[in-house]
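Going line by line, the protein sequences match chains A and B.
The letter at position 267 of the first sequence is residue 267 when you use my numbering, and the numbering goes up by one with no holes.
The letter at position 291 of the second sequence is residue 1291 when you use my numbering, and the numbering goes up by one with no holes.
Watch out, some of these pointers could steer you wrong.
What the hints assert, rightly or not - Ranges between beta-carbon positions, derived for each pair:
#1 A:4 x B:1125: 11 to 21 Å
#2 A:6 x B:1241: 51 to 61 Å
#3 A:114 x B:1125: 13 to 23 Å
#4 A:56 x B:1095: 30 to 40 Å
#5 A:26 x B:1095: 47 to 57 Å
#6 B:1098 x A:113: 16 to 26 Å
To be verified - Listed below are the simulated DSBU-like cross-link pairs for lysine-lysine, each with C-alpha atoms no more than 35 Å apart in a straight line:
#7 A:124 x B:1120
#8 B:1070 x A:158
#9 A:81 x A:206
#10 A:26 x B:1120
#11 A:81 x B:1063
#12 A:206 x A:138
#13 B:1120 x A:99
By construction, these hints were calculated from the structure, which means they are not laboratory data.
Ideal Cβ positions, reconstructed from N, Cα and C, are used throughout, including at glycine.
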Amino acid sequence: MTMKLEQLIAIDLGNGSTSYKAGNGKEGEFPSLVASYTGTGLGGALSKDAFQTKNGRKYLVGDDCREEGARSRSTDSSFYKSDEIRVLFLKVLKDVGIKNPVIVTGLPTEFVNTHSADFERDLKAWAREDGYQPEMVKVLPQFAGPWFDPDLLDEEGKPIDTTAMSKGRWGIIDIGYGTIDGGGFNNGRVSDTRYGESSGVSDIHKDIYTSLSNPEQLNDLIAKKGAKLPKGFTLDSQINEYTMDVWLREGHFMWRGTKIDMEPISLPACTNFADQVIPRFIKHLWGSTDFLSGMVAAGGGATILRSHMKRHITCPIYCAKDPDKSVVRGYYRYMILQYFKEHAVVRQG
Amino acid sequence: MKKEVRDSLSKDFVQQLERALAAREETLNSIEQQVLTMAAVASDLLMGLEIELSHFPLTIGEKTCSTFWKWSPAKRSAGSLRLYLKCNDYETGRLASRRMVIQPSAPGDVGPILEDLLGKRQSGHLLRMISEFLDHSDRASRWAHQLAGAETIRTEEFGSVISAWVGLLAENAAPAATRLRELITRFNAVDDELRHAVFEFNESSQPVRYGSIICRPDVSPSDPLGPTEPVFRVVTYFNRATGKRQTTPIAEYKRGHILRELRASLTTKLGREPEPAEVEGALQGQRRRSTSPWITREVISHCYLGKHSSNILRQQKNIAAFMEEWLALRGQFQALLEP
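Make the full structure from the sequences, and use the hints.
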């Protein structure tokens, strides 16, 4: 049987959020949070949509379990065998609703050679157990995502010229929620030097959360006039580090009816992260970025750290408008180029 | 014959011709687009392939395998690109190094090695991707050579064979597409002149009767380049009541005559009707050239068109002059379309 584009699902099982893009037009994103559902179906549970797998167990997935204190995922390879990732994966399949999907997803670059066969097998088995008949499962190295993103723009907002990407040295920096992953192309060939570490946007969230717990100390760091935290400001028990994610996305939060801008509050944490992690990452991979032809930046971190990256990355930076979706868009485009050519459109105009 | 009758008789052909002309326009536009984007497509294919090749170098036991690209010059294109597998083997305690070209159509020794390294399914997938990339690079190489005169890559400047290769295509894509557009414009101009000349020829053979000579292209829905060159044809059947007719291309018409003459001379010689094999044998023995598609004085006299002969030959000369360039350009497009 020939595969149809309508069967395709690209899934980015990221540390912070799981996003998907499907050939039937569905796309979406939810936080990569899973908690076992223990409610009785009464009271508070009414507002929550419990996700039930075929084995009868119920889970809360995504935003529904922020308050349940679901732990965000660990970043070692054992995670890819865990029940959490199974539930996130099945939730995507349910949301998309394709019975015989062609699935593409990724693994952090350092695990691809050793774990992709197992991961493929597990994904197939999990899908079958829940009543799907996957026609194909493809596991790509994570760096392939940003590399194939059709929406990469240069610093002036123009689409990237793909043919230029096979000349000189190119870097990829993918700042995710819990990990930062990188690799590169060297004169048209994938570079052997790859590097990843377990720090990411969640560290910034933690840092902001901690700093908001000490408003006076934070106020000393805020230089912008009128942006300091008001007197009497304290966090309450409902606020946790995941709340920081929501506030950062919205750009502000409400406190006693006053709108408080997140930008000056998050600035010290972002500066701190960018100054510590990015130079270390660059040093490990390339020594410096002075001789790179370009750097492709992706992941949720690329949005938050956009202005900070320029301080450390001295070559031109190429980044999509919404870099947190770069990976899933890239996986999707990779599959179109490989298996659904009739739908492929050359990236640049 | 009434115009309505004529129109209804020619309706099918006119429709087929229009479809063929539309197909030709579409083919030429699509090939121009493909030439323009040849480097971008090469770079996309290469990136996809490199994702798979990023698993290398792979080690099994004492054997370590890596891949490298090699470019070699070629006569009719801007060179050909091949991917090699390099295996370093320490099994005997000494280093034994082998380099083998990965030829997806005939994997040879490389097939089993790749299967050992990657597994059957993944090595099959890799070979398919390599095949697709090489097919594209071979075509693009011909385009770059035929349309922009590209001949060689500059590895030192680009740092690697593959980078220089994509660079060569990128540099030549726009000039090649411009050149192709010029050729298409020229072809369309010549095509207009040719059609005009053919129209004049057909108009002067009106009214059509048995033995008239007309001129029209053959149309086949499967030819991406649309109608063939115009072919002179003799009307070999004509129904005056309905206007229905059958025509035979001149080359075939001439062949028929030769056979008839041969058969007649054999009949006198043998004193009986010759067998088809005997006619065939006699024809072979004559070592004749294949019949040409052109109208000769002999054909004109056979068709009882003697009084029109100077006009017919003049018009034929005119058509032939346009046809020469028309065929040369069509041949070039044909070569660009080759897989």
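Hint by hint, here is what the structure shows:
1. Hint check: residue 4 (chain A) to residue 1125 (chain B), Cβ distance near 19 Å, so the stated range 11 to 21 Å holds.
2. Range check, residue 6 (chain A) to residue 1241 (chain B): Cβ separation about 57 Å, and the 51 to 61 Å hint holds.
3. A hinted range of 13 to 23 Å holds for the C-beta pair residue 114 (chain A) and residue 1125 (chain B), which are about 19 Å apart.
4. Checked against the hint of 30 to 40 Å, the pair residue 56 (chain A) and residue 1095 (chain B) fails, with Cβ atoms roughly 59 Å apart.
5. Between residue 26 (chain A) and residue 1095 (chain B), the C-beta spacing of about 54 Å keeps the proposed range 47 to 57 Å intact.
6. For the pair residue 1098 (chain B) and residue 113 (chain A), the supplied restraint of 16 to 26 Å holds, since their beta-carbon distance comes to about 23 Å.
7. Of the supplied pair hints, the one linking residue 124 (chain A) and residue 1120 (chain B) holds, its CA atoms being roughly 18 Å apart against a limit of 35 Å.
8. About 34 Å separates the Cα atoms of residue 1070 (chain B) and residue 158 (chain A), which keeps this hinted pair within 35 Å; it holds.
9. At most 35 Å may separate the alpha-carbon atoms for a hinted pair to count; residue 81 (chain A) and residue 206 (chain A) meet this at roughly 27 Å.
10. For the hint linking residue 26 (chain A) to residue 1120 (chain B), the alpha-carbon distance of about 34 Å falls within 35 Å, and the restraint holds.
11. Between the alpha carbons of residue 81 (chain A) and residue 1063 (chain B) the distance comes to roughly 31 Å, so the proposed pair stays at or under 35 Å and holds.
12. For the hint linking residue 206 (chain A) to residue 138 (chain A), the alpha-carbon distance of about 34 Å falls within 35 Å, and the restraint holds.
13. With a C-alpha separation of about 27 Å, the suggested pairing of residue 1120 (chain B) with residue 99 (chain A) holds against the 35 Å cut-off.
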